[in-house]
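Asks: Here's the letter readout for the chains.
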Amino acid sequence: MNLHEYQAKEILRAHGVNIPPGRIATTPAEAEAIAKEYGVPVMVKAQVHAGGRGKAGGVKFCKTSGEVKEKATAILGMKIKELTVEQVLVTVAADIGTEAYVGIIVDRATKKPVFMVSAAGGIDIEEVAASTPEKILYVPVDVRYGLPTYDAMRMGFFLYSDVKLARGAAKIMQQLYAAFMASGCSLAEINPLVVTPAGELVAVDGKMVIDDNELNRRPEIAALRDERSEEPSEVDARNANLTFIKLDGNVGCVVNGAGLAMATMDLVKYYGGEPANFLDIGGSSNPEKVVNALRIITADPNVKAILFNIFGGITRTDDVANGIVTATKANPLKVPIVIRLTGTNEEIAMRILKDNGFSASSDMDTAVQQAVALAKGGK
Amino acid sequence: MSVFIDKHTKLVVQGITGRDGSFHAKQMMEYGTQVVAGVTPGKGGQQFEGTVPIFNTVADAVQATGANTSVIYVPPPFAADAIMEAAASGVSLVVCITEGVPVLDMTKVYPFVKERGVRLIGPNCPGLITPGESKVGIIPGRICTPGPVGVVSRSGTLTYEVVYQLTRAGIGQTTCVGIGGDPINGTNFIDCLAAFEKDPATKAIAMMGEIGGTDEQEAAEFIRLQMKKPVVGFIAGQTAPPGRRMGHAGAIISGSSGTAQEKLEAFAAAGMGIAKRPIDFVELLKARL
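As given, the protein sequences belong to chains A and B, one line each in that order. Take 62 as the starting number for the first sequence in the numbering used here and just add one per residue. Take 6 as the starting number for the second sequence in the numbering used here and just add one per residue.
Do not take every clue at face value.
[What the hints assert, rightly or not] Pairs of lysine to aspartate or glutamate residues, derived as DMTMM-like cross-links and limited to a Cα-Cα distance of at most 25 Å, are as follows: (1) A:LYS173 to B:ASP196; (2) B:LYS119 to A:ASP212; (3) A:LYS330 to B:GLU288; (4) B:LYS113 to A:ASP168; (5) B:LYS31 to A:GLU408; (6) A:LYS330 to B:GLU270.
Hints listed in this document are in silico derivations from the structure and should not be mistaken for laboratory results. Quick caveat: nothing in here was measured; it's all calculated off a predicted structure.
Using the sequences and the hints given, assemble the complete structure.
Replies: Below you can see the structure in the form of structure tokens.
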């Protein structure tokens, strides 16, 4: 789960990181009032889960409160990567001397949280890593001991030769690490970490990504989820305990298991079609899950054919068959459906489907080819 | 022959009285696995299915029964502790089926397990099966048959799909290992490939990877430099969009890294057979056996 910039900053501030004052506005008038309260200049920043906000015109520097109202009017309601901006952060603009990058991710290779720091801040760290890898210092952390001061100081001196700044940066690393661990992050970053002309260290932008597996035990973090910033069908699916990702194609896919779901999408593409979604109904599926899956998929007007691909291990294929029958009785399908079932209780499932006027195959390739052809044939 | 488990495997089931644990303990017993003990705190002294003794702790179970392998079916909040308990108990192999273990928990568990010289498979995996001898986990036994192919995969049902197609085509398996779909797991592709390379019964290997991370790329390099046996590979997620978690916590393209394209290029550079579809494993393996 991604946090908004303002949410990440609130967490970092609570851990002691020096962050310029700022508040959220949902109307231009509110934005103007916040600017008047803090005093200009301020930054007005779109709060959406998309990179490249600045390039898209979603981040503006404002010298007067009138300008704040004008820019907030332009930004609120604008679309950045198809996401509508519902709120802006109005925050005191820091004087920028130098900009550094400080980030921490869970690294799959070392199986540890790893710090990445670079004096080349303010830009995409991936670009720095690709073009000038020597400008990044990587420091893995053994979570059993936490981030030792000497490692934090090593990073501080990598960024700044001045000992006072190095100490200040080291302290921020430890605060960032504490916030990372306390929030169940898979990524946390401060970019840029600014040194003002007066020599003060300030975190001007913050980002946090939370490991979804942490949300059950961290209700206070789970409560930060902003459903308005997500695809409505994906919110619907999550509430129905389905893993669903909307795509742009026209073959709706219902599959059990993430690997098989990806392989099914790939096979649709292989046979010349385009998948409309990723959907994993999970292991121990009950008929209700299938009903919800069909409801979510058929709500997408792009879907021209539906493909079921079920390999019954724990999943009972007769449960899936019953779900298909129940769902289509309540809401008759307007697009063709192709069903592939094999595995646990396959004979029962096939009989249920046949008795209700559906045909089904036990071969994945055949089913995918049929679904692609039907999606292309239109009606 | 086989890797990791065989007919001598003596298994303790952690969470044996839970919904999933009890169901799969029965399935494993029916398959012929030696299930020698179960663990549920507070139910020590009882029996499972009238034959398997239940203990309060894994250490008690190991001491009383000589179990050498543990399988874990406990809910995600307790999984990290269950893995550490197993690793400290004296078993040499721990298989964690549980899905949804926080990755920061795994950053603590991984070094704990390594330092004790214990092999962990998973979490978030279907376990493993040596057809005709033993199964530990949830892979359906009837889709497997003994034979010369080692199977290793990050997925569950995709593994079943491929194994089923192999079995239908008369190609049996030495051992099928599901290493799991999480970003940090105990056993990676290279561990399994090295074990299959050493196993005299394994003549060829089927490897199913997916988007996210660099495990497949490193495996390809290992295959190129250190393996004589042929390996056929597949990558799921060629149509996956970047930045989205595709069901498995580990199946995510971060920035421009971890794409199917980059993994397939590594496979090609290692001279591996590349299955474009799951069904392609059949012909590609036939040609290599």
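Asks: Tell me the numbers of any earlier hints that the structure contravenes, in ascending order.
Replies: Per hint list: zero violations.
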